[in-house]
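Q: What follows is each chain in one-letter form.
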Amino acid sequence: MDVGNSVPAEAAFEPLLQFEMEMGTFLSEWQHCDHLSTYLARMISHNRADPVRHSNFFSSALNELLEVSFRGGTASGQIGLSIYRHGPVERVQITFPCPAEQVPFYREAVQKIDRSDAHARYLDSISTDMAPSRESILLDLAINFDASIRIEESTSPAVTLIVDLPLEGLVS
Amino acid sequence: MSVTGLSPNFKVAFDANSQVFSLAGVVRPRSVDEIADSIAMLKQAIDDVRGVLYVDVKRLIQMNNTAFHAFVRVALDACRARADLRMVIVTSSVVGWTTRMFGHLNQIEPQITVEVYDSTFYPGQSFVEDTSFIPILRTQTKMTWRHERSILPRHGLRPGIAIADVCCGIGDFAVLVQKEFQPARIVALDHSKASLAYAREVATNFGITDIEYTYGDASEMLLEDNQFDFVSCRHSLQIFNEPELLLKELYRICKPGGRVYITNEKNSHCLGEPRAQSIQWTYNEVAKLFSHFDMDVELGPKSRRYLADAGFDDILVESFMVTNLDGDPQDFADVITAWENVYAGEMAVRRGDTPEFIERFRQGFRDHIFAALHPKGYAGWPIWVASGRKPT
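Respectively, the protein sequence lines represent chains A and B. Heads up: the first sequence at position 137 corresponds to 137 in our numbering, and the numbers run straight through without jumps. To convert a position in the second sequence, counted from 1, into our numbering, add 1000.
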């Protein structure tokens, strides 16, 4: 099943980097989100026009995805992360095991990004939520990072988020 | 106050005198509890201020949504409770996501506004970043490189090290260093997007792909601490109104044991023969003119003091003179013509100088050119080079 907002037609995304980690190990330390996002962002940004600022921008977005995985993931299985590039866009594909009953919530959160009231709901979330929900984090990516997001589901209790980030244009 | 429970780089401070609450560094907490002290400080700051609270996030490098929601919630609640309170959130154009994220707040609460700290961070910026200056900068670097090429190794530049060229301008020095010294990594930073665009084009034309050009504010860089073996900052301390701030940043990104290398002028010591008096008068006036705009183009010989005050040791200072005898004298003349156009044609006019003054001011530059092109003439432009080691 494939649900998502306006991702452009499949283009020739070139693989840049692939990363896998035991979910139990990932969940053992919150700082993994920060360290991984900083390190991976620096690696994939080195040949962007402005590597320092691209890395900063990309790290922000990637960290939020890792934090979503951290908060929603279960300890069995692996977290997998792949980063691809096509022109000014980086694609992040992140897969993490999660309880089966949680999957519909991710699906719903991704679907809501496409709705016309997305901006209003994002403002409402900032205005009223004490802590960000997974929906408001995905809205943050869509609104502040111009991300296109879709979700892929498999038979195993896992979620794959595919997030296209056109950051090269934003940075430049 | 520093909050060290999260990242050691996360800093929170409140300056009651200027009513500025500032957040800097990286803050990515798992829960709001981890930033409870910082939240409490913001609440206290709000209680203490009258009128406007400035929230400075210029140096906020990373903030996750958990922290963003927590801080924003306090700000919004305060504005709802106090009709007299205004908040100005100061972001940086360098850290793009902050302006986007904080920019929404005004739509929620009109008492909160967002200002992008950008174009006026040092007084001489409009002159220095004037794109008409670009062609002559290349000539200047060509002339100074003849000297610096042999000077740089004495100040620690060697192959295989990590280099940052801060205030790189059009990036030609970085290209020359890359070709001559083959560093392991070279980052070149400047605040002029036009200059950086030019730099990238030149690098592309020369087939150079491994210089990391980056847009940034030299006094508040995104670059991390202790990263570079050699940090250069050429002809730039002299045009910042607060060179100490800049040196603090150069020190921060330099590795312990690494060196910071600076070059600066003492414009009143530009000289020429014949017509020495007229030339000397004009360059004395150049120093006064820059001083009017809070720039110190007499800084060169003060480099030793600045480096010492910034905490460097093993300070080395030397000087060299670019002259009309270095290569083509017309290059020297072209540089002086560009100076005349900017200094007399723009800066003196901006200061409100009389036409009589400007004419005399121009004459000194013309006499300098005359000396440079005279078959028996001599014209010079002195530059001070200094470097210091960051203690280990």
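Do not rely on the hints blindly, as some may be mistaken.
[To be verified] Heads up, simulated EDC-like pairs for lysine to aspartate or glutamate below, C-alpha to C-alpha not over 20 Å straight-line:
| # | chain 1 | residue 1 | chain 2 | residue 2 |
| --- | --- | --- | --- | --- |
| 1 | B | LYS1302 | B | ASP1328 |
| 2 | B | LYS1193 | A | GLU168 |
| 3 | B | LYS1011 | B | ASP1210 |
| 4 | B | LYS1288 | B | ASP1353 |
| 5 | B | LYS1043 | A | ASP129 |
| 6 | B | LYS1179 | B | ASP1210 |
[Unchecked claim] Which stretches of chain A does chain B cover? Using the computed rule of at least three CB atoms under 8 Å from a CB of chain B, they are:
| # | segment |
| --- | --- |
| 7 | 41-50 |
| 8 | 58-67 |
| 9 | 90-96 |
| 10 | 101-109 |
Derived from the structure by calculation, the hints contain no laboratory data. These figures come from a predicted structure and were not determined experimentally. Every residue gets a Cβ at the ideal spot worked out from N, C-alpha and C, and that includes glycine.
Q: Residue count check for the segment 90-96 of chain A against chain B: does it reach three with CB-CB under 8 Å?
A: As far as the segment 90-96 of chain A goes, the hint is violated, because 0 residues have Cβ atoms under 8 Å from chain B.
Q: Need the status of pair LYS1302(B), ASP1328(B): alpha-carbon distance at most 20 Å?
A: violated (31 Å)
Q: According to a criterion of three or more residues whose C-beta lies within less than 8 Å of a C-beta of chain B, is the segment 41-50 of chain A covered?
A: That given contact holds, which follows from 4 residues of the segment 41-50 of chain A lying within Cβ reach (below 8 Å) of chain B.
Q: Examine the segment 101-109 of chain A for residues whose CB is less than 8 Å from any CB of chain B, and state whether their number is three or more.
A: Since three or more residues must qualify, the claim that chain B covers the segment 101-109 of chain A is violated, with 0 doing so at under 8 Å.
Q: What's the verdict on LYS1043(B) and ASP129(A), does the C-alpha distance respect the 20 Å limit or exceed it?
A: Roughly 18 Å separates the two Cα atoms, so the pair holds.
Q: Do three or more residues from the segment 58-67 of chain A put their C-beta atoms closer than 8 Å to C-beta atoms of chain B?
A: Holds: 5 residues of the segment 58-67 of chain A have a Cβ under 8 Å from chain B.
Q: Could you grab the alpha-carbon distance between LYS1179(B) and ASP1210(B) and see if it respects the 20 Å cut-off?
A: OK: LYS1179(B) and ASP1210(B) at ~11 Å, within 20 Å.
Q: For a C-alpha distance cap of 20 Å, please report whether LYS1288(B) and ASP1353(B) respect it.
A: holds (12 Å)
Q: Take the C-alpha atoms of LYS1193(B) and GLU168(A), compute the straight-line distance between them, and say whether it is at most 20 Å.
A: Between LYS1193(B) and GLU168(A) the Cα gap is close to 15 Å, so the pair holds against 20 Å.
Q: LYS1011(B) and ASP1210(B): Cα distance at most 20 Å?
A: violated (33 Å)
Hint compliance for this structure: hints 1, 3, 9 and 10 are not met, and every other hint is.
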